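Protein sequence lines correspond, in order, to chains A and B. Numbering-wise (the numbering used here), the first sequence opens with residue 358 and increments by one. Numbering-wise (the numbering used here), the second sequence opens with residue 358 and increments by one.
If you're looking for bench data, these hints aren't it; they were derived computationally from the structure. No experiment lies behind these values; they were computed from the predicted model shown. Do not take every clue at face value.
Because identical chains share one entry, a pair is satisfied inside a single copy or across any pair of copies.
In silico DMTMM-like links for lysine to aspartate or glutamate, alpha-carbon gap of 25 Å or less [said to hold, decoys possible]:
id	residue 1	residue 2
1	K430	D506
2	K430	D495
3	K430	D517
4	K422	D517
5	K422	D541
6	K422	D544
7	K406	D545
8	K430	D545
9	K422	E360
10	K430	E475
2 protein chains.
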Amino acid sequence: MLEFWFDFASSYSYIAAQRVEALCGRAGLELRWRPFLLGPLFTAQLGIKDSPFNVNPARGQYMWKDVERQCRKYGLPFARPSLFPQRSVLAARVACAALESAWCGDFIRATFRANFAEGRDIGAEAVVGDLITSVGGDAGDALARAHSDTVKAQLRQFTDEAGRRGLFGAPSVITRGELFFGQDRLDDAIAHATGG
Amino acid sequence: MLEFWFDFASSYSYIAAQRVEALCGRAGLELRWRPFLLGPLFTAQLGIKDSPFNVNPARGQYMWKDVERQCRKYGLPFARPSLFPQRSVLAARVACAALESAWCGDFIRATFRANFAEGRDIGAEAVVGDLITSVGGDAGDALARAHSDTVKAQLRQFTDEAGRRGLFGAPSVITRGELFFGQDRLDDAIAHATGG
Chain A
358 MLEFWFDFAS SYSYIAAQRV EALCGRAGLE LRWRPFLLGP LFTAQLGIKD
408 SPFNVNPARG QYMWKDVERQ CRKYGLPFAR PSLFPQRSVL AARVACAALE
458 SAWCGDFIRA TFRANFAEGR DIGAEAVVGD LITSVGGDAG DALARAHSDT
508 VKAQLRQFTD EAGRRGLFGA PSVITRGELF FGQDRLDDAI AHATGG
Chain B
358 MLEFWFDFAS SYSYIAAQRV EALCGRAGLE LRWRPFLLGP LFTAQLGIKD
408 SPFNVNPARG QYMWKDVERQ CRKYGLPFAR PSLFPQRSVL AARVACAALE
458 SAWCGDFIRA TFRANFAEGR DIGAEAVVGD LITSVGGDAG DALARAHSDT
508 VKAQLRQFTD EAGRRGLFGA PSVITRGELF FGQDRLDDAI AHATGG
């Protein structure tokens with residue numbers, strides 16, 4: 358079993374999210390999607406209210422170049438979003454509401470593509486509704502559940518759990534008791550999960 | 358040609374520094390060692406006076422675990438130093454003074470091992486002298502040059518240049534006009550250097 362922790366606003370989470378389900382499938386591993394919000398972690402750990410990539414422009418400038426190169430390497434489309442980070446809370450709540458739905462993985466991948474390849478505003482309810490419909494979900498039902506107290510509490514609980522379990526960024530993988538941070542560790546995490 | 362930018366206090370620089378000369382040799386690439394100091398960059402870019410790994414304990418705790426795993430992966434010895442980050446300025450000045458010496462690469466690798474595998478204080482002049490001797494250098498001569506105004510200015514110039522060219526951490530590689538950050542990008546950097 359492998360837990361994949363991500364935030365829809367995170368650029369490197371985009372790349373890893375496109376890859377992780379296929380990698381788990383090939384390795385015969387159960388995948389558990391774990392949406393959470395980076396914002397509260399960055400505020401608690403770094404005292405900042407923005408992405409570390411915006412706080413340090415040198416690091417941010419490099420990140421966009423690097424993400425573009427990595428997308429090319431993995432054959433993924435990429436277009437730098439005009440807004441970064443985007444508001445990811447609504448999409449994260451939909452993902453929480455959809456954890457048991459057949460379209461959950463497709464929704465996650467489509468939402469990341471909307472953010473990092475299609476120039477869409479994933480903070481807008483109409484866009485999120487479109488994305489749900491595009492992967493075969495019932496947008497009205499899923500959005501209603503996303504706005505419920507139960508689902509809001511679920512996302513807060515995942516975010517709290519992320520902090521308690523030592524996460525400090527996304528994507529992160531937890532498998533067999535070990536934490537792996539970053540798209541760059543996805544292959545190592547799969548190897549560890551399968552006993553490597 | 359490939360420039361390898363590093364700070365002797367940087368844990369991931371340790372791993373990359375052990376690998377880079379062999380990788381360049383195999384690829385037929387000229388390697389240029391570029392010692393610099395991370396401290397002034399972190400202060401200018403982040404307003405901090407310590408390693409980001411100490412400023413954020415969650416990230417620091419993960420880093421040590423990850424460095425240990427990566428050392429195992431690359432067959433490198435590792436022992437977590439009791440002091441982090443170590444004072445790297447003297448060793449960096451020696452590296453500047455030794456750029457044209459045959460023992461430069463050996464000194465760099467030995468000094469990183471002293472820090473990250475042998476529990477030695479690389480801020481101590483006696484230790485640095487021992488390291489120079491151990492790789493066939495003249496410790497008295499090299500240390501005298503390391504304390505000269507010319508060499509001090511050279512290290513300041515490399516550090517200023519690092520900031521001007523967009524570096525924000527170590528190790529970093531610059532080759533064919535592109536910046537690659539991190540031990541995790543060393544193979545990509547070599548591929549780019551050789552036209553890949």
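A quick look at each hint next to the structure:
1. K430 to D506: neither (41 Å within a copy, 45 Å between copies)
2. K430 to D495: neither (34 Å within a copy, 46 Å between copies)
3. K430 to D517: neither (34 Å within a copy, 32 Å between copies)
4. K422 to D517: between (31 Å within a copy, 22 Å between copies)
5. K422 to D541: Both: 15 Å inside a chain and 15 Å across chains, each within 25 Å.
6. K422 to D544: both (22 Å within a copy, 17 Å between copies)
7. K406 to D545: Close neither inside one copy (31 Å) nor across copies (33 Å); limit 25 Å.
8. K430 to D545: Answer is both: 18 Å inside a copy and 10 Å across each meet the 25 Å cutoff.
9. K422 to E360: between (28 Å within a copy, 19 Å between copies)
10. K430 to E475: within (19 Å within a copy, 37 Å between copies)
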